[in-house]
Amino acid sequence: MTRPIANPPIVLLTDFGLQDAFVGILKGVILTINPKAAIVDLSHGVSPQDIGHGAFLLTSAMGYFPGGTIFCVVVDPGVGSERRPVLIRTKDYYFVGPDNGVLWPAAQKNQVEQALHLTRTAYFLKNISSTFHGRDIFAPIAAHLSQGTCMTKLGIPVSDLVPLEFPVPEKQGNTLILTVLNMDIYGNPTLNITWDEFKAFAGNAFCLESGTRKISRIYRSYAQAQEDLEPFLVAGSSGYMEIAVKNGSAADQLKIHCRDRLILTR
Amino acid sequence: MTRPIANPPIVLLTDFGLQDAFVGILKGVILTINPKAAIVDLSHGVSPQDIGHGAFLLTSAMGYFPGGTIFCVVVDPGVGSERRPVLIRTKDYYFVGPDNGVLWPAAQKNQVEQALHLTRTAYFLKNISSTFHGRDIFAPIAAHLSQGTCMTKLGIPVSDLVPLEFPVPEKQGNTLILTVLNMDIYGNPTLNITWDEFKAFAGNAFCLESGTRKISRIYRSYAQAQEDLEPFLVAGSSGYMEIAVKNGSAADQLKIHCRDRLILTR
Amino acid sequence: MTRPIANPPIVLLTDFGLQDAFVGILKGVILTINPKAAIVDLSHGVSPQDIGHGAFLLTSAMGYFPGGTIFCVVVDPGVGSERRPVLIRTKDYYFVGPDNGVLWPAAQKNQVEQALHLTRTAYFLKNISSTFHGRDIFAPIAAHLSQGTCMTKLGIPVSDLVPLEFPVPEKQGNTLILTVLNMDIYGNPTLNITWDEFKAFAGNAFCLESGTRKISRIYRSYAQAQEDLEPFLVAGSSGYMEIAVKNGSAADQLKIHCRDRLILTR
Chain A
1 MTRPIANPPI VLLTDFGLQD AFVGILKGVI LTINPKAAIV DLSHGVSPQD IGHGAFLLTS
61 AMGYFPGGTI FCVVVDPGVG SERRPVLIRT KDYYFVGPDN GVLWPAAQKN QVEQALHLTR
121 TAYFLKNISS TFHGRDIFAP IAAHLSQGTC MTKLGIPVSD LVPLEFPVPE KQGNTLILTV
181 LNMDIYGNPT LNITWDEFKA FAGNAFCLES GTRKISRIYR SYAQAQEDLE PFLVAGSSGY
241 MEIAVKNGSA ADQLKIHCRD RLILTR
Chain B
1 MTRPIANPPI VLLTDFGLQD AFVGILKGVI LTINPKAAIV DLSHGVSPQD IGHGAFLLTS
61 AMGYFPGGTI FCVVVDPGVG SERRPVLIRT KDYYFVGPDN GVLWPAAQKN QVEQALHLTR
121 TAYFLKNISS TFHGRDIFAP IAAHLSQGTC MTKLGIPVSD LVPLEFPVPE KQGNTLILTV
181 LNMDIYGNPT LNITWDEFKA FAGNAFCLES GTRKISRIYR SYAQAQEDLE PFLVAGSSGY
241 MEIAVKNGSA ADQLKIHCRD RLILTR
Chain C
1 MTRPIANPPI VLLTDFGLQD AFVGILKGVI LTINPKAAIV DLSHGVSPQD IGHGAFLLTS
61 AMGYFPGGTI FCVVVDPGVG SERRPVLIRT KDYYFVGPDN GVLWPAAQKN QVEQALHLTR
121 TAYFLKNISS TFHGRDIFAP IAAHLSQGTC MTKLGIPVSD LVPLEFPVPE KQGNTLILTV
181 LNMDIYGNPT LNITWDEFKA FAGNAFCLES GTRKISRIYR SYAQAQEDLE PFLVAGSSGY
241 MEIAVKNGSA ADQLKIHCRD RLILTR
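Those protein sequences? They're chains A, B and C, same order as listed.
Just so we're aligned, residue 1 is where the first sequence starts under the working numbering, counting upward by one.
Just so we're aligned, residue 1 is where the second sequence starts under the working numbering, counting upward by one.
Just so we're aligned, residue 1 is where the third sequence starts under the working numbering, counting upward by one.
None of these hints come from the bench; they were simulated from the model.
Quick reminder that beta carbons are idealized off the backbone N, C-alpha and C, glycines included.
Accuracy of the hints is not assured; some may be wrong.
Claimed, not checked - Simulated DEER-style distance windows between Cβ atoms:
(1) B:L164 / C:G63: 33 to 39 angstroms
(2) B:E227 / A:E170: 33 to 39 angstroms
(3) A:T265 / B:E227: 52 to 58 angstroms
(4) B:I263 / A:T152: 33 to 39 angstroms
(5) C:L229 / A:T265: 47 to 53 angstroms
(6) C:W195 / B:T149: 48 to 54 angstroms
(7) A:T152 / B:G173: 38 to 44 angstroms
My request is simple: use the sequences and hints to build the entire structure.
Right, dumping it as structure tokens:
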């Protein structure tokens, strides 16, 4: 069960960037409702309208926040359409955002206990736009929750949340088809396979093909890599394997993009 | 009258970007004076030295912050010249910054009640540079104010603030000349006309000309738009009409820039 | 001696950028240990793995933070190698980070009182990766310190910290060889000479050579400069001399880069 804590942090994850006033406005709305709210930025650098990118960042960061944390996620290309605003309570956390899959993998990973369609407009801002529900619905709901408002007051239960599954490795004989789940700012592609899964499948003798390039080295850390510009695999901090180049960008050098598929042979 | 609240938020709006230490230094200065200060970033992405951009972001965000909020605004191309540092109290807020117009539209919109030229150097940092008054004057003043220091101690009344007016639509028979007030990170140009003004002038049959391109569709939300790459108008979250392209950048596609003028015909 | 203050701010300085979840994860880790932690972002825009850039930002910002502040610095190209995680107590501050020089100039400037190799894993996260010690070691240590944990519990004293010295001007007769210490977001190169040192050496008649361009003007502020596009020197806010161009980027115009060397003749 979620540990109740006083004034839990409200963690913001959006694709708003930091140039405009959008993120600041979310914070103003929250502080107007709960002047003592503890607001934390997870990231506002989700690729515009990229639900999968938002879901990955949320899932990889979630477990480092204290129980009771309220994640307010605004990656919302369907704002103003029929997509539902939802609130999900899991074993340890709350998630507020659009029902478009962005909350799904994190919520599943932490075990969904209750999900609501947010219907109680008394807890929204007075005027609801059709273009900025982060401001008008999600931030106010997060603020009310952080003040101790009982979640059952906020909407009606639903059991048909929109799912989003990260791709899993596809086994074909002695090969696995892997997918790039994420690309970080350093140009390190994250693959959809953990260190343990990798070792179980491939051991130390493997070949990962990316176009015409082949990767066959594995290191424990970036610093351990000896040669510059030779790409290698490393166990990334998210638990997944990453491709890296010492002092360079693997993405640039290998021309790899998010969601690319690569062939791993053992 | 401004509702007095304990330890009101200090909201920072600057053109400093986030690469250097400038924003962090403002926060350090504030926390040295008021260790319990609640500091909020509105944006540090104002286009360098662009007073109009800063004024737009401030005006569009202001109303979402709680009464008593102290806005500390540093868009200050005239730093070190004779331009005055000022503090403005309005019906609900305080504004600290340079007297160059950046505070003007927001302050006017919220009704100016008192304006001071900041002259009391006892409330500044000890050493005043000629290049960084955000650090040396504006942040310290905001911090002292947030602790309850009476504003009349901080300077001398002035009644001749430097004005800055946003352009208004210019009517010429059946046409309106509109101006692009702002460009957001998605490439949606904001026009200087509200939904109500637009409807009153043009109804549903209109033509907005941008170079050789014509826009004649209007939607309630981004998601409602059916075709990709067909530009349309939408009521933006700031209250003004915006030009948008579904899943794209209207600015790039139409080659529109901030402050461009477009012709609306009914 | 460091003034003890309750719940001192934890100031984060990293090269993580703001696109990924890394900075948010640091904050989650800190708040899990100390739910009341006051976390401040100094900058996350240090050039990737650029220890000198991080050291410059830290040194120039440090003095504006209150006594007792805990600086948590993660510019850590050697993560996973033998480089030590350290905690340094100086006259006024605490510094947590890798022992690679990034903390050195700031710590020296504020007088080192004690330095520890962080060895007590009970104060780390349970699972220590070989790629993200910011999350696994530095953030937890900063959080424990901020709660009042006695620093001597956290590791063993060391006296052989890795040094990093900023370059000093090199005198050769009537010339000084200066070095560009930093490049800010406006394209203003910071030189390794203070206003006082500059005046003592050169007075008002000088020539600073950058490639084929010569600079011979000096102003007290950016606004004082009269002509556009004519580069000049100005006393920057960090205390060092800067090269500037009114309404432009000196770096672009003069093709100057960080660490370039320029010849000053009197």
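A quick look at each hint next to the structure:
1. Between L164 of chain B and G63 of chain C the beta carbons are some 35 angstroms apart, a value that agrees with the proposed interval 33 to 39 angstroms.
2. At roughly 35 angstroms, the beta-carbon separation of E227 of chain B and E170 of chain A lies within the given 33 to 39 angstroms, and the hint holds.
3. A beta carbon spacing of about 44 angstroms between T265 of chain A and E227 of chain B contradicts the range 52 to 58 angstroms that was offered as a hint.
4. Taking the beta carbon of each, I263 of chain B and T152 of chain A are about 53 angstroms apart, not inside 33 to 39 angstroms as hinted.
5. A hinted range of 47 to 53 angstroms is violated for the C-beta pair L229 of chain C and T265 of chain A, which are about 58 angstroms apart.
6. Checked against the given bound of 48 to 54 angstroms, the beta carbons of W195 of chain C and T149 of chain B, roughly 32 angstroms apart, lie outside it.
7. Distance hint check for T152 of chain A and G173 of chain B: the Cβ-Cβ separation is about 58 angstroms, which falls outside the suggested range of 38 to 44 angstroms.
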